[in-house]
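Protein chains: 2
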Amino acid sequence: MKDTKIAVQEIRAFNRFYTDIIGLLDAHLLNSAYSLSEVRTMYEIYTGKSVQASQIMTAMHIDKSYLSRILKKLTQEGLISKTPSEEDARASLISLTEEGLKVFKTLNKASDEQIDGLISSLSPRKLEQLVNHMQAIQEILQHK
Amino acid sequence: MKDTKIAVQEIRAFNRFYTDIIGLLDAHLLNSAYSLSEVRTMYEIYTGKSVQASQIMTAMHIDKSYLSRILKKLTQEGLISKTPSEEDARASLISLTEEGLKVFKTLNKASDEQIDGLISSLSPRKLEQLVNHMQAIQEILQHK
DNA sequence: ACTAAATAGTGGACTTTGTCCACTAAGTAT
DNA sequence: ATACTTAGTGGACAAAGTCCACTATTTAGT
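Here the protein sequences line up with chains A and B, keeping their order. With UniProt numbering, letter number 83 in the first sequence gets 83, and the count goes up by one each step, no holes. With UniProt numbering, letter number 101 in the second sequence gets 101, and the count goes up by one each step, no holes.
Hints were generated in silico from the structure; no laboratory data involved. Accuracy of the hints is not assured; some may be wrong.
Output of the computed footprint for chain B on chain A, the stretches with three or more beta carbons under 8 Å from beta carbons of chain B [unchecked claim]:
1. 68-74
2. 116-126
DEER-style ranges, computed between Cβ atoms [to be verified]:
3. B:78 <-> A:83: 55 to 63 Å
4. A:86 <-> B:47: 54 to 62 Å
5. A:109 <-> B:30: 38 to 46 Å
6. A:49 <-> B:58: 37 to 45 Å
7. B:4 <-> A:50: 18 to 26 Å
8. A:30 <-> B:58: 17 to 25 Å
9. B:120 <-> A:117: 31 to 39 Å
10. B:59 <-> A:50: 42 to 50 Å
11. B:47 <-> A:3: 50 to 58 Å
12. A:112 <-> B:30: 26 to 34 Å
13. A:82 <-> B:76: 41 to 49 Å
14. B:23 <-> A:78: 27 to 35 Å
15. A:117 <-> B:30: 30 to 38 Å
Think of the CB as a built atom: it goes at the ideal place given N, C-alpha and C, for glycine as much as any other residue.
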């Protein structure tokens, strides 16, 4: 009982710590021409190859009208394209255009480099430990 | 070189994973009568006991005019109070009122309970491991 | 097949959140 | 005394996100 209470405090301390890290990393993207949500949307399309808006919605836990506007903007900028779904006439399948892929890869590379900077001073040993801790946390929290 | 590349991808996977967790936890606070920034502001005042606006600003990496408005709102709601600083006539020292402390503690307790829910299904052993991993990550990333 | 309910997506109207800038007042340095 | 910096406020605006109503399909129940 008491251990749990202490654990909760320590988890919350980590959450604050990691919120700051993520905020720092995100700040970088905010200086790009695209918003966080736009980049995340591109990411979802990129990894899904060809997805429905509804899939992005659930993946991002985002409002459908908000997403609709994001997709509209990305379409207008020529970064994504929609083709009507054959299974469902209400839906379309969204994919990155060549240009969209190019833009996404550039942003993605910048994010990689940022992480690179974060870990550049770590020894290979420490880096390996870091990754192991992260994977362990995911495993523990995923199976609940 | 190559290991680093893989590590970067794994760190980014963790970041996405943990961003979702934090988002989930924050969603809860968003249903409260206070915004995330307001709660975070109260937290800073609570832990600092009596702080200057500029301290909150740097702690939260927040725009000063934005903070000014948040403080104004919290003052109007009777949650915080300002007393002129004796060292610097431009600044004031901010602290939680009795009411503010009450509100903050309620929110804080709700956050605790939320974490509780997140870990309720974990064995004491797993919970201990989780906390250890979190602390290890902080140590590794802090000393860089 | 026929109606009712659910789902996919769009757009209007709005609120919340956050930014940029200019400004006052006080402190700091030369 | 003068210039520079710092603390905080407020106007004006932009960006982000929410809520609701609506159309067009698809799905389920009878």
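Cross-check of the supplied hints:
1. Here's how the region 68-74 of chain A fares: 0 of its residues keep a CB closer than 8 Å to some CB of chain B, so the rule of at least three is not met and the hint is violated.
2. With a cut-off of 8 Å between beta carbons, the region 116-126 of chain A has 7 residues touching chain B; three or more are needed, and the interface restraint holds.
3. Hint check: residue 78 of chain B to residue 83 of chain A, Cβ distance near 56 Å, so the stated range 55 to 63 Å holds.
4. Remark: the range hint 54 to 62 Å for residue 86 of chain A to residue 47 of chain B is upheld by a beta-carbon distance near 57 Å.
5. In this structure the supplied range 38 to 46 Å is violated for residue 109 of chain A paired with residue 30 of chain B, their Cβ-Cβ distance being about 33 Å.
6. Distance hint check: the CB atoms of residue 49 of chain A and residue 58 of chain B are about 43 Å apart, consistent with the given range 37 to 45 Å.
7. Against the hinted window of 18 to 26 Å, the Cβ-Cβ separation of residue 4 of chain B and residue 50 of chain A comes to about 31 Å, which falls outside the hint.
8. For residue 30 of chain A and residue 58 of chain B, the hinted distance range of 17 to 25 Å is satisfied, since their beta carbons lie about 19 Å from each other.
9. With their beta carbons about 37 Å apart, residue 120 of chain B and residue 117 of chain A fall inside the hinted range of 31 to 39 Å.
10. The supplied range of 42 to 50 Å is met by residue 59 of chain B and residue 50 of chain A, whose beta-carbon atoms lie about 44 Å from each other.
11. Checked against the given bound of 50 to 58 Å, the beta carbons of residue 47 of chain B and residue 3 of chain A, roughly 23 Å apart, lie outside it.
12. Take residue 112 of chain A and residue 30 of chain B: their Cβ atoms lie about 31 Å apart, and the range 26 to 34 Å holds.
13. In this structure the supplied range 41 to 49 Å holds for residue 82 of chain A paired with residue 76 of chain B, their Cβ-Cβ distance being about 47 Å.
14. Under the hint 27 to 35 Å, the C-beta atoms of residue 23 of chain B and residue 78 of chain A, about 30 Å apart, fit the expected range.
15. Taken as a hint, the range 30 to 38 Å holds for the pair residue 117 of chain A and residue 30 of chain B, whose Cβ atoms sit roughly 32 Å apart.
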